[in-house]
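Chains as they are written, first to last, in the working numbering: chain B, 1 to 307; chain P, 1 to 510.
Simulated from the structure, these hints should not be mistaken for lab results.
Beta carbons are placed, not taken as given, at the ideal position from N, Cα and C, and that holds for glycine.
Some hints could be false.
Unchecked claim - Heads up, incomplete: computed chain P residues facing chain B, CB under 8 Å, no partners named:
| no. | residue |
| --- | --- |
| 1 | 214 |
| 2 | 232 |
| 3 | 234 |
| 4 | 235 |
| 5 | 433 |
Unchecked claim - Listed next, the stretches of chain P that the computed footprint assigns to chain B, with coverage defined by at least 3 CB atoms under 8 Å from CB atoms of chain B:
| no. | segment |
| --- | --- |
| 6 | 72-83 |
| 7 | 241-249 |
| 8 | 279-291 |
| 9 | 399-406 |
Claimed, not checked - Computed footprint of chain P on chain B, listed as stretches where at least three residues anywhere in the stretch have a Cβ under 8 Å from a Cβ of chain P:
| no. | segment |
| --- | --- |
| 10 | 154-162 |
| 11 | 193-202 |
| 12 | 275-288 |
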Amino acid sequence: MLTYLMRRATMAAVVMVIVSVICFVLSNVASDPAVGIAGAQATDADLAVVRQTYGLDRPLPVRYAEYIGNLLQGDFGTSYLAKRPVLEMILERLPVTALLAFLSMALALAIALPLGCAAALWPNTLVDRLSQVLAVTGQAIPNFWAGLLLIVVFGVQLRWLPISGSDTLAHFVLPAITLGTFAMPPLMRLIRAGMIEVLASDYIRTARAMGIRPFALTFKYALKNAVLPVISLAAVQLGFMLGGSIVVESIFALNGVGYLAWQSMSRSDMPVIQAIVLLISMIYIVLTLAADLLNGIMDPRLRGARK
Amino acid sequence: MTIFRSFTRALGLCTVLVAGAAVTAPAQAGPEDKSITIGMGEDFPTLDGYVNTSRDGVVITMHLYDGLIYRNPKTFAYEPLIATSWERIDDLTWEFKLREGVTFHDGSPLTAEDVVFTLNYWADPAHGARSQGSVSWIDRAEAVDDLTVRLISKTPFPAALEFVAGSLPIYPSDYFQSVGPEVFGQKPIGAGPYKLASNEGGTIRLVAHEGYYEGGAKRTPSITTVNWRIIPDTATRIAEVISGGVDWIWNVPSDQVEQLEVVPTLDVALASTMRISMVALDAAGRTGDTPLKDVRVRQAINHAIDRKTIVENLVGGDGELLNAPCHPSQFGCDQSAAVVYDYDPEKAKALLAEAGFADGITVKLGSYRDRARAEAVQSYLAAVGVRAELEMLQASPSFSSWREGKVGMWYGDWGSFSMADSSASIGSMFDGSSNDGARDEKVISLVKEASSELDEDARKAKYAEAIRIITEQAYWVPMHTIVMGYAYTNTLAFEPTLDELPRFFDASWK
């Protein structure tokens with residue numbers, strides 16, 4: 001287990017370095033950070049001052065080396081625009097995004113688990129068909145479109161829920177539905193497929209022959225095994241959600257990390273973008289690692305295979 | 001992005017249809033408690049007026065801080081603010097008499113020392129004022145006595161008062177020095193009609209400054225609280241104003257303004273701005289050996305675009321056709337000095353053939369803001385054989401691609417920092433800087449001379465001459481003025497201004 005952990009940690013570090021290089025180079029090449037800082041209507045004089053003030057006149061490798069040096073000391077940099085430590089800005093907004101991701105994932109699982117099981121228990125029936133349609137629809141509708149539809153129906157017409165902002169829990173309902181429906185379909189399909197496979201396996205047949213009641217059979221014996229791949233997928237989906245939150249947070253004006261990312265991109269606030277990308281990739285790595293460990297705990301066979 | 005936009009539009013329509021049927025609730029705040037909730041698109045990393053140069057940032061700056069003088073947005077006359085009078089002492093020096101009894105939001109008095117400190121601090125390039133152009137002309141500020149300040153420019157600078165009135169807020173020197181620029185940007189103190197009450201989680205709250213002086217050009221606000229909500233998505237902002245979640249929004253796309261007209265609780269406007277739009281052409285050949293270096297090709301492009309139809313159908317509202325490379329309200333912008341190219345596709349084809357491009361040419365066309373307009377230009381050009389490869393980007397990268405000479409044509413716009421002087425338009429776009437795709441030596445020297453010429457008639461003559469050369473050489477296709485779309489609850493008395501700076505201290509509840 002320890003070697004396994006070590007190997008994963010090293011890999012994570014390598015991934016982070018690669019991510020940081022790609023992010024650093026791309027964000028500096030894609031558009032001139034000085035224009036982002038000085039504003040689109042800045043004059044050449046403005047740009048010259050900005051380049052000098054922010055050290056943008058130095059070669060890219062030098063700036064990257066400096067960046068990594070600071071990073072190793074735990075310094076994520078200072079925002080060009082807010083002139084505040086980037087880490088502080090991100091941590092300030094992380095609760096909003098974390099709450100959004102948690103609610104969305106809870107919602108996605110709350111729909112995907114029962115529907116997926118039902119579809120597997122009664123394959124090719126109306127229940128199965130309906131849940132398939134729901135999954136395809138959920139996946140086919142883009143995030144922003146679903147979000148805006150919800151705004152029109154529940155915010156403008158029915159006036160049940162607030163449209164934008166993050167003051168109360170009610171403000172999170174529409175965003176969580178938007179993001180949750182986006183994460184739900186693959187989870188549901190995976191549960192359905194897993195359940196169908198498990199339900200056809202020998203030990204279930206044996207259990208059934210032994211007269212174990214269908215309810216216990218499904219939820220006690222079958223689901224536990226079918227849910228294994230779901231854990232890995234849910235971890236990846238949670239990572240996706242952080243990306244999806246960029247769109248959702250902008251639509252619903254939630255003041256989270258996703259919105260900060262979008263805002264920083266449109267203003268070329270490089271230190272913030274770089275820190276967020278690193279953070280997201282770090283969360284991805286940690287989540288996948290956690291999922292693997294959890295699977296290892298739940299399935300002894302996996303532990304053996306990786307010794 | 002295209003898909004996103006068309007979805008947004010379709011949704012805007014749905015929203016309006018739904019709203020027509022819906023019962024409209026009052027806004028979360030309103031006339032009862034003398035507060036207003038406005039929906040803005042941009043967040044502010046800092047509230048420092050010298051660092052935050054985004055449009056929304058300039059607007060909030062205006063509410064928090066006062067400068068020495070004020071420019072009336074209707075008459076364009078300078079009016080007293082912190083300074084009660086001002087006079088030119090010599091070619092380089094302006095003297096300002098300060099008002100007695102002006103206090104900052106913390107109650108401390110505003111004196112000459114604050115003015116001198118603020119202007120000298122930001123005139124130093126090392127302190128990183130983001131819009132260097134607005135301070136780089138200042139040599140130094142000096143206090144004559146407690147209530148008299150002299151502002152000395154490096155060279156004779158006719159546009160000095162424009163800058164003093166536009167973008168030079170006065171800070172309390174003691175507070176600024178004790179907390180430093182970063183903290184100041186988060187917890188600012190100014191002498192403007194509103195002070196900052198809170199700034200958190202996407203909402204900024206401003207409340208009226210009780211000690212605000214009487215008699216200045218900005219009046220003591222009748223709306224005592226302004227809730228400044230940051231809602232980045234346009235469609236959400238529109239939904240909020242329809243549902244009454246906010247009282248006022250702007251930057252509404254022109255087609256949606258038309259749709260919002262049917263909402264019974266809203267007033268809408270597509271109002272004039274000082275922003276001008278143009279198709280800039282790479283006459284200097286920054287993109288390489290381009291046909292655009294030939295004046296006949298540039299003239300052909302001018303003849304090929306039916307600007308009038310674009311203005312009527314795609315700009316709408318108060319949008320006006322332009323012939324000169326500046327806004328008609330700006331000093332020195334003599335439209336009659338311009339050579340006008342009428343819409344004549346046959347002539348365009350003939351000019352192209354004469355230049356040796358009978359088979360047409362292929363050029364990159366950069367643009368942002370409005371795809372429909374850019375595509376209209378593209379198809380007019382295609383009709384005469386100019387194949388324009390359209391590249392739609394966000395504002396900042398799009399402008400960068402023009403400045404860096406990556407596109408041969410750029411359908412962009414220019415706001416002149418809301419300054420009613422041609423030095424901010426012609427003087428910024430034809431000065432040999434990276435904005436300048438013409439690099440015409442004669443024009444460059446004309447605008448340089450005009451920017452330091454104190455005699456008004458001589459200045460006008462120089463700009464007129466520059467306009468004549470620019471249009472004769474067809475360095476641009478001057479297009480139209482940009483209109484700004486507003487939507488606000490119809491119980492609000494609000495008037496849009498030409499300088500795109502909404503003033504909530506001037507607004508009131510009906």
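Do the hints match the structure? See the list:
1. 214: Violated: closest Cβ of chain B sits about 35 Å from residue 214 of chain P, beyond 8 Å.
2. 232: 5 Å, holds
3. 234: It is violated, given that the least Cβ distance between residue 234 of chain P and chain B is near 10 Å, above 8 Å.
4. 235: With Cβ-Cβ at 5 Å, under 8 Å, it holds.
5. 433: Residue 433 of chain P check passes; min Cβ-Cβ to chain B is 4 Å, inside 8 Å.
6. 72-83: violated (count 0)
7. 241-249: It holds: at least three residues are needed, and the segment 241-249 of chain P offers 3 whose Cβ sits within less than 8 Å of chain B.
8. 279-291: violated (count 0)
9. 399-406: holds (count 4)
10. 154-162: Answer holds; 5 residues pass the 8 Å Cβ test.
11. 193-202: Contact hint for the segment 193-202 of chain B vs chain P: violated, 0 residues under 8 Å.
12. 275-288: Since three or more residues must qualify, the claim that chain P covers the segment 275-288 of chain B is violated, with 0 doing so at under 8 Å.
Going through the hint list in order, the structure does not satisfy hints 1, 3, 6, 8, 11, 12.
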